[in-house]
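**Student:** The sequence shown begins at 18 in our numbering and counts up one residue at a time.
Everything labelled a hint here was simulated from the structure, so no lab data went into it.
Note that the Cβ used here is the ideal one computed from N, Cα and C, for glycine as well.
Label pairs and their computed distance ranges (CB to CB):
| no. | residue 1 | residue 2 | range |
| --- | --- | --- | --- |
| 1 | Val-154 | Asn-41 | 49 to 55 Å |
| 2 | Tyr-78 | Thr-54 | 15 to 21 Å |
| 3 | Leu-167 | Asn-88 | 51 to 57 Å |
| 4 | Asp-139 | Asp-84 | 18 to 24 Å |
| 5 | Glu-90 | Gly-50 | 28 to 34 Å |
| 6 | Tyr-97 | Lys-141 | 35 to 41 Å |
| 7 | Thr-116 | Met-159 | 50 to 56 Å |
| 8 | Thr-105 | Asp-69 | 22 to 28 Å |
| 9 | Asp-162 | Val-113 | 36 to 42 Å |
| 10 | Lys-141 | Glu-90 | 31 to 37 Å |
| 11 | Lys-110 | Asn-43 | 14 to 20 Å |
| 12 | Asp-162 | Gln-107 | 49 to 55 Å |
Within a straight-line C-alpha distance of at most 30 Å, the following computed DSSO-like cross-link-like pairs (lysine-lysine) qualify:
| no. | residue 1 | residue 2 |
| --- | --- | --- |
| 13 | Lys-34 | Lys-134 |
| 14 | Lys-51 | Lys-85 |
| 15 | Lys-134 | Lys-100 |
| 16 | Lys-134 | Lys-51 |
| 17 | Lys-100 | Lys-77 |
| 18 | Lys-85 | Lys-34 |
| 19 | Lys-51 | Lys-103 |
| 20 | Lys-103 | Lys-34 |
| 21 | Lys-141 | Lys-170 |
| 22 | Lys-51 | Lys-100 |
| 23 | Lys-122 | Lys-85 |
| 24 | Lys-141 | Lys-85 |
| 25 | Lys-103 | Lys-85 |
| 26 | Lys-141 | Lys-103 |
| 27 | Lys-122 | Lys-110 |
| 28 | Lys-85 | Lys-126 |
| 29 | Lys-77 | Lys-110 |
| 30 | Lys-122 | Lys-100 |
| 31 | Lys-122 | Lys-137 |
| 32 | Lys-141 | Lys-122 |
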Amino acid sequence: MLLGVSHAATTNYDIIKLNADTYNYNPAPVTAGKNVTLWVQLTNNSNTTAYDVQYYLDAKYPFTVLDKTNNREISVLGAYQTKTIKYTLQTNKLAVDGTYDLDFKVRRKGIDNYSIKTLKIDIKGASAIVDIVNSKVEQASMGGDSQISLNLKNLGQKNAQDIFVTLDDSKDSMVKVI
18 MLLGVSHAAT TNYDIIKLNA DTYNYNPAPV TAGKNVTLWV QLTNNSNTTA
68 YDVQYYLDAK YPFTVLDKTN NREISVLGAY QTKTIKYTLQ TNKLAVDGTY
118 DLDFKVRRKG IDNYSIKTLK IDIKGASAIV DIVNSKVEQA SMGGDSQISL
168 NLKNLGQKNA QDIFVTLDDS KDSMVKVI
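Using the sequences plus the hints, can you model the full thing?
**Tutor:** So this is what it looks like as structure tokens:
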């Protein structure tokens, strides 16, 4: 009689994979100088419970985390469970149009290094709005020179530059600033 030994394939279910690929923010895009709410979904994509999961948002220019405690911990995150983490951020009012990176860092008990997920946030810089505060226009005769004084004020949040002023015909007293 022959006795055989059967070997079954084994799968290591002890590997814990924490995933923060899903995130959202509002408003989108963010206006420079305004607050934005950011939600990050942290998921345990494994068959094993994760204990003492530490996470934080590494905010760099142009963001500041307004939450009192940024470095947080989840004591237990069950297998295939998701925790939604909410942050309130302030954007710098001088930020220009572009996409900026925020690093969301997470690690679990027994692991020394953080895994990093880079989140991308779109910022729209505030606009420059130029308005005429007052003007003094002398009547200009055809072919003659005349003096025009304009006092302009930038009411926006961006620096105004390369301002071009045009005048309409003599019947229109409006001055257009482009």
